[in-house]
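S.K.: Spelled out, the chains give:
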Amino acid sequence: MSKSKQKEEVKSYNVLIVDDNEQITKMLTTFLELKEHKCTVANDGREGLAAIKENKYDVVLLDLAMPEFDGYAVIKDLEDNDLLKEHKIIVFTASTITQEELDELVNRGVTSYVLKPIDIDQLLAKIIETADS
Amino acid sequence: MLPIKHTLFLVSGVSSFIIFYMGIVNYLTSVEGVTGVILLIFSVFVATGTLLGTVYISRSITKPIEKLAQNMTEFSKHNKMTGKNQIKTNVKEIFELNENFESMGEKVETTIEVQNEYVQKLKDMDRKKLEFSSMVSHELKTPLVPILGYVQMLQKKELLGDLNEKQTEAVNEIYSSTVKLQRLVGDILTTQKLDLGKLDFNQEEIKVSELLESIIKEFTPITEEKKILLNLEMFEDVKIFSDRDRINQVFSNLIKNAIDFVTSGSGVVTIGCREDKEFVKFFVQDNGVGISDENQKEIFKKFYQIDTSTSRKRSGSGLGLAICKGIIEGLGGQIWVKSEEKVQTTFFFKIPKKPLTITAKATE
Chain A
1339 MSKSKQKEEV KSYNVLIVDD NEQITKMLTT FLELKEHKCT VANDGREGLA
1389 AIKENKYDVV LLDLAMPEFD GYAVIKDLED NDLLKEHKII VFTASTITQE
1439 ELDELVNRGV TSYVLKPIDI DQLLAKIIET ADS
Chain B
169 MLPIKHTLFL VSGVSSFIIF YMGIVNYLTS VEGVTGVILL IFSVFVATGT
219 LLGTVYISRS ITKPIEKLAQ NMTEFSKHNK MTGKNQIKTN VKEIFELNEN
269 FESMGEKVET TIEVQNEYVQ KLKDMDRKKL EFSSMVSHEL KTPLVPILGY
319 VQMLQKKELL GDLNEKQTEA VNEIYSSTVK LQRLVGDILT TQKLDLGKLD
369 FNQEEIKVSE LLESIIKEFT PITEEKKILL NLEMFEDVKI FSDRDRINQV
419 FSNLIKNAID FVTSGSGVVT IGCREDKEFV KFFVQDNGVG ISDENQKEIF
469 KKFYQIDTST SRKRSGSGLG LAICKGIIEG LGGQIWVKSE EKVQTTFFFK
519 IPKKPLTITA KATE
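So the protein sequences, as listed, match chains A and B. So the first sequence is numbered by our numbering: it starts at 1339 and just counts up by one. So the second sequence is numbered by our numbering: it starts at 169 and just counts up by one.
By construction, these hints were calculated from the structure, which means they are not laboratory data. Treat the hints with caution; some may be incorrect.
Unchecked claim - In silico lysine-lysine, DSS-like type, Cα no more than 27 angstroms apart, as pairs:
1. B:Lys424 x B:Lys324
2. A:Lys1364 x B:Lys348
3. A:Lys1464 x B:Lys334
4. B:Lys325 x A:Lys1349
5. A:Lys1373 x B:Lys248
One chain only, chain B, in its complex shape (with noise of 0.2 angstroms):
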């Protein structure tokens, strides 16, 4: 790129020289000695003033340009006026220039201020959702102590006395809906802060085996009751960094679905892992009643309930697979389900074996 300063030197530099050169020309062809030699020391005067103006203009013009050039630098750097490089011209074009680029800086900073009071105002809303949703799930805990502490009392005949057959029945609803409300309670407060980025995630080391087994000895009691199979399918033990409260919640919901859609006496539900490049596989496959395409699509979604015809009982808040699903993105990885209608129901998620670094987190 071409500086004007070097511009204009060159062009007042190339007529400056044809001038003395004619001059000279002039003079020593010229029959008339006194009229050579005025025309020469003429030349001279004219090529030396055709510099000098030359460094005037070009100083007039370059040093507000180059000022207003490192003004606007600066203005980007900072998007703020500094006012550092205060610019006097004469030239009015330039005068101009500088006078428009002030005021577009003065409405970009204005703007700007009026942006950041805006994501203020946003982060300020967000945090108080967060505390009227901790607020209202912390209200609706405290009820559910005593409620469901009777109703537990009531379950036992040697603490309360005997109930008949229906008063049984009855308790034994109010406690099904009480532990259901509890869920719920403790869904909608996860699912919040899972959408407002709150969710605080732990790294630890985990071996892949000894969680697995700590699932199944968990539901075993549960799917025995039922008389369902639980399996444990492990390829390779891996030790992954990751959240083993987390990755067991994602784990206990799959599972709980599971439970709900095989049919007791021939269900069986399998949860397993493999290795896959830098992640870890893990599936819980169950044999119920499958989801349709249309519905696999749905499902990772807050409050979406498979309306099945088959009857099955539903247990859950609807925000189960919705929290699983933000759960195993915090976690850096990925779920997805495969499923075959009448046949089986596969949940895949992925999760990194290596630790989330500080960058992947931001990103998220």
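The shape of chain A in the complex, shown without the other chains (with noise of 0.2 angstroms):
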């Protein structure tokens, strides 16, 4: 029984991280995976957008600044063709970026955001509380 219920409360989730700094996703997979969620790894904007075309996630972190395709273009092509409100995406990133700026990206679609650098508790509370919305 309380084994049961143990398992309940572990739920695993399948998180894609679109990132591509490679020491970032590398220390997201250790961590997610040492808590025993799924993490696949995209390390531009056009892979993680064909990866979340082709896949549904539970939760998927969005880095903002990526060369050549970044965040924002990610965000634009999910929004164009109406699949931005169908996934549960939350901005990670470390731009400086104003209050207003992160509020219209929750008005466009986005579910939520996390500020680099983070506390990695807080950063695991947000994605579960995001995959559980």
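Hints are included, so try docking the two chains, each in its own frame, into the full complex.
M.R.: Written out as structure tokens, the structure reads:
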């Protein structure tokens, strides 16, 4: 009984990480896999967009500043194809971005945002909260 | 003020009248009728001539002067030579006056152009500065993500396994330095934005009691851990129109400072507010080491850190109070400190209750 209850608490989520910084993706993968979540990594925007369109992820962590095809381009493409609201996307950025710009992204259909660098426990809480929403 | 026209007419009118009058007197008193008539006719001619001459002279002087005056008014309005009224004159002085005015106008025009170029260049420089610091901040934050992540993982033995005591200590040191670096990066960008007037402020209705209670809630775990008492002293609950996040940031900086300067076990930090006419006056008080008069003048400057012999742990970036000052002033308020060494320190800041009008913001 207690075992099944524990299993319920530690749900495993399918997380897509779209970030061009390999050290970040490696750290996040290590952490999330230790926390029993499944991680897929896309190293640029195009790869990320293709992955989002191909599979349904519980949560997508999307970096904004990436060379060539950046996070904004991914959001724009999803928006143009009416797919943005179908996915749970957390914008994960170190860019200098104003509160208004963040609010605007949320208004357009991005689920949430997290500013780098962040406490990994807070990040995990955000991922779980977003996946459960 | 008397226009030239009127003066000329007055003078010529009087002289014409005298000439004419003398002609009549001559005519009436002259014995020989013919001489009298000739003198009378002559006086009429001279008087009329004087008047006509005056009209001509008056026109050739006043017309160009009036035009010149108009040109000057136009110029002072637009800071530009319009060339609308071409001035044609035979009067040497007016001609020279106009020449001088035109060359002066051209010089002013070029000066203004050069000045505008400089203003534009300075604006571009400000923009580039901000772009640069935004970029630097992005580049610094990015590697902090894996550093912070791995350190935190190392701190959790269930994730990466047990560490011995020395390793734990080392990891904890790395962690606190990383957090400090993270804060510094954020503070530098905020300072840069404040300097360039690019920090945006919100205007929202804030219930002061809610604001203060949430701050107490946020800091209680930290003060409890350090065995410091955190009190709330509120006199009136008021509503203000201001920026909640920014006020929070100021409180957070002041409370963190206070925690650093009180003694664990006997330290007391009190936050609160009271109404002060058009303002709400907030305060953060601690019973720490205090700040000398000399230091009180300097602490709001960037990178100023009090060099205490009490070897307190200095955890800040040295930008905290400069940021507080910038934020409070940006919100239309004031910040100051009162302190008695070894007794207590109180930071006060007052914030207007009503939203800032656009004009008040523009004069900052």
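S.K.: Taking the hints in turn, state whether each one holds.
M.R.: Results of checking the hints against the structure:
1. Distance hint between B:Lys424 and B:Lys324 is fulfilled; the C-alpha atoms sit about 26 angstroms from each other, no more than 27 angstroms.
2. About 24 angstroms separates the Cα atoms of A:Lys1364 and B:Lys348, which keeps this hinted pair within 27 angstroms; it holds.
3. Restraint check: the Cα-Cα separation between A:Lys1464 and B:Lys334 comes to about 32 angstroms, which exceeds 27 angstroms; the hinted pair is violated.
4. Pair hint B:Lys325 plus A:Lys1349 holds up; C-alpha atoms about 21 angstroms apart against a cutoff of 27 angstroms.
5. Pair hint A:Lys1373 plus B:Lys248 does not hold up; C-alpha atoms about 71 angstroms apart against a cutoff of 27 angstroms.
The structure shown violates the earlier hints numbered 3, 5.
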